[in-house]
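Based on the sequences and whatever the hints tell you, model everything.
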Amino acid sequence: MNEPVTLKALERAMHNDELVLFYQPKVCLLSGDVIGAEALVRWAHGEASVLSPDEFLPMVESNGLLHDLTLQLLDQLVDAIVGLRDCTPVKAETPIDSLPPVNLEAHSGLSLSINVAPNDLASRSISNHIAALLQAGTIQAAELQIEITESAVMSNVDRVYDDLVRIKDMGVKILMDDFGTGYSSLDRLSQLPFDALKLDQGMVKRMGTSLQNLDVVRSAISMARELGMTSVAEGIESESVYNFLIAHGCEEGQGYFLGRPMSLTDFRTFVTSAHDFEGSQIGRVHQACLNLLRFRKTLVDAAFCSRVGEGVALQSVAEPGLQSEVARTRLGVWYFGIGQRLNAHPVFNEIEAPLRQVHASGLKFLEELERNQTVAVLDQQLAEIDQQVNRLIVLLHTLERAILASKPGRSPGR
Numbered sequence: 254m255n256e257p258v259t260l261k262a263l264e265r266a267m268h269n270d271e272l273v274l275f276y277q278p279k280v281c282l283l284s285g286d287v288i289g290a291e292a293l294v295r296w297a298h299g300e301a302s303v304l305s306p307d308e309f310l311p312m313v314e315s316n317g318l319l320h321d322l323t324l325q326l327l328d329q330l331v332d333a334i335v336g337l338r339d340c341t342p343v344k345a346e347t348p349i350d351s352l353p354p355v356n357l358e359a360h361s362g363l364s365l366s367i368n369v370a371p372n373d374l375a376s377r378s379i380s381n382h383i384a385a386l387l388q389a390g391t392i393q394a395a396e397l398q399i400e401i402t403e404s405a406v407m408s409n410v411d412r413v414y415d416d417l418v419r420i421k422d423m424g425v426k427i428l429m430d431d432f433g434t435g436y437s438s439l440d441r442l443s444q445l446p447f448d449a450l451k452l453d454q455g456m457v458k459r460m461g462t463s464l465q466n467l468d469v470v471r472s473a474i475s476m477a478r479e480l481g482m483t484s485v486a487e488g489i490e491s492e493s494v495y496n497f498l499i500a501h502g503c504e505e506g507q508g509y510f511l512g513r514p515m516s517l518t519d520f521r522t523f524v525t526s527a528h529d530f531e532g533s534q535i536g537r538v539h540q541a542c543l544n545l546l547r548f549r550k551t552l553v554d555a556a557f558c559s560r561v562g563e564g565v566a567l568q569s570v571a572e573p574g575l576q577s578e579v580a581r582t583r584l585g586v587w588y589f590g591i592g593q594r595l596n597a598h599p600v601f602n603e604i605e606a607p608l609r610q611v612h613a614s615g616l617k618f619l620e621e622l623e624r625n626q627t628v629a630v631l632d633q634q635l636a637e638i639d640q641q642v643n644r645l646i647v648l649l650h651t652l653e654r655a656i657l658a659s660k661p662g663r664s665p666g667r
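Residue 254 is where the sequence shown starts when you use the numbering used here, and the numbers rise one by one after that.
Errors might be hidden in some of the hints.
[To be verified] Mimicking SDA-like on lysine to any residue, the simulated pairs with C-alpha atoms at most 25 Å apart in a straight line are:
1. LYS261 to SER302
2. LYS617 to ILE656
3. LYS421 to PHE589
[Stated by the list, open to error] Now the in silico label distances, taken between C-beta atoms and shown as ranges:
4. LYS550 to GLU623: 16 to 24 Å
5. SER302 to ASN496: 48 to 56 Å
6. GLU605 to GLN626: 25 to 33 Å
7. ASN409 to MET312: 20 to 28 Å
8. VAL410 to ASN269: 34 to 42 Å
For the record, the hints were derived by calculation from the structure and aren't laboratory data.
Using N, Cα and C, we set each Cβ at its ideal position, and we do this for glycine too.
Here it is in structure tokens:
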């Protein structure tokens, strides 16, 4: 018979390392690869019982034990990171739009994430611990991710901001968990140092109940893209939800459809086993079209504001996507990054030259604006840019059709 959940039992469990991490797999929706996991605490309570966080975390928090538990679990997570380094993920079967990456980030292993509380950040204990681990070479920054809920951030921005920036500066990615529950504004989000938005599982699960709920998820994915953040969906529990997220360019996902939280031993087996997870960039290709149209709209906005504003700084109108380097623009980040997995499609390779051309033309257009060029000259330049944009859109649409024609749908079979 299991012991009742009491404070004494909880303290003893922490002392005996009975509070352990389980790992829920994360999958890249663009490639179908297993890329890591979220670490979730469980209590190995009694001989054959595992308690969920809802059954004991309230007692942990109300008795001031959360800080000690977080540090204890972080050490456990670090041990898992080190122990998984020899664990090579089995890549998804390689249909034409999931070929090995070209010139992507050097880190190709697993990343494990852990949740932290505002007090842990405000006290700097977590960032100090992470800094020491990185300095000692125990872990690499790319192997660890930090998650904090949207509601916790929005209620404690002043207390946690500096430490979030410090962790980000270390190269550790920061994820906003349960996005959609804390009513954060777009303006506030743009000022916070997050690398990813994790769509709340309740939001994701409600997608099938109404068109309005579908639009909410679609908008959240778009918001992440506009902010330069990764979109991660939680609570994926059906094939239809999974496919919708792929179609709309969501980048990562987790949920029972992909894998339930599991022990470290089981996660190791999961990672090294072959899976048939669907992965496609068709949603990202559509987003590339939208990015291209937004690029043109930015040029038009800059021209309009410079004419009516008499001295309006173009930098305040021209979006950050108008970088001097094409690879740093919104469209360029996709094309020269994960998009390179599409390079087996002949049409994909036709995109680079006109992409560079339209980018160079856009920068030239802004230079002419700054020199107060005549309306006739600007109109001619914009007409040429329109032709280049139209050419690129045709190529991107052709790429979409090529993806559809070359890859039948597959299911994870869960």
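For each hint, the structure was consulted:
no. : hint                         : verdict
1   : LYS261 to SER302             : holds (18 Å)
2   : LYS617 to ILE656             : violated (34 Å)
3   : LYS421 to PHE589             : holds (23 Å)
4   : LYS550 to GLU623: 16 to 24 Å : holds (19 Å)
5   : SER302 to ASN496: 48 to 56 Å : violated (36 Å)
6   : GLU605 to GLN626: 25 to 33 Å : holds (29 Å)
7   : ASN409 to MET312: 20 to 28 Å : holds (22 Å)
8   : VAL410 to ASN269: 34 to 42 Å : holds (37 Å)
When each numbered hint is compared with the structure, violations occur for hints 2 and 5.
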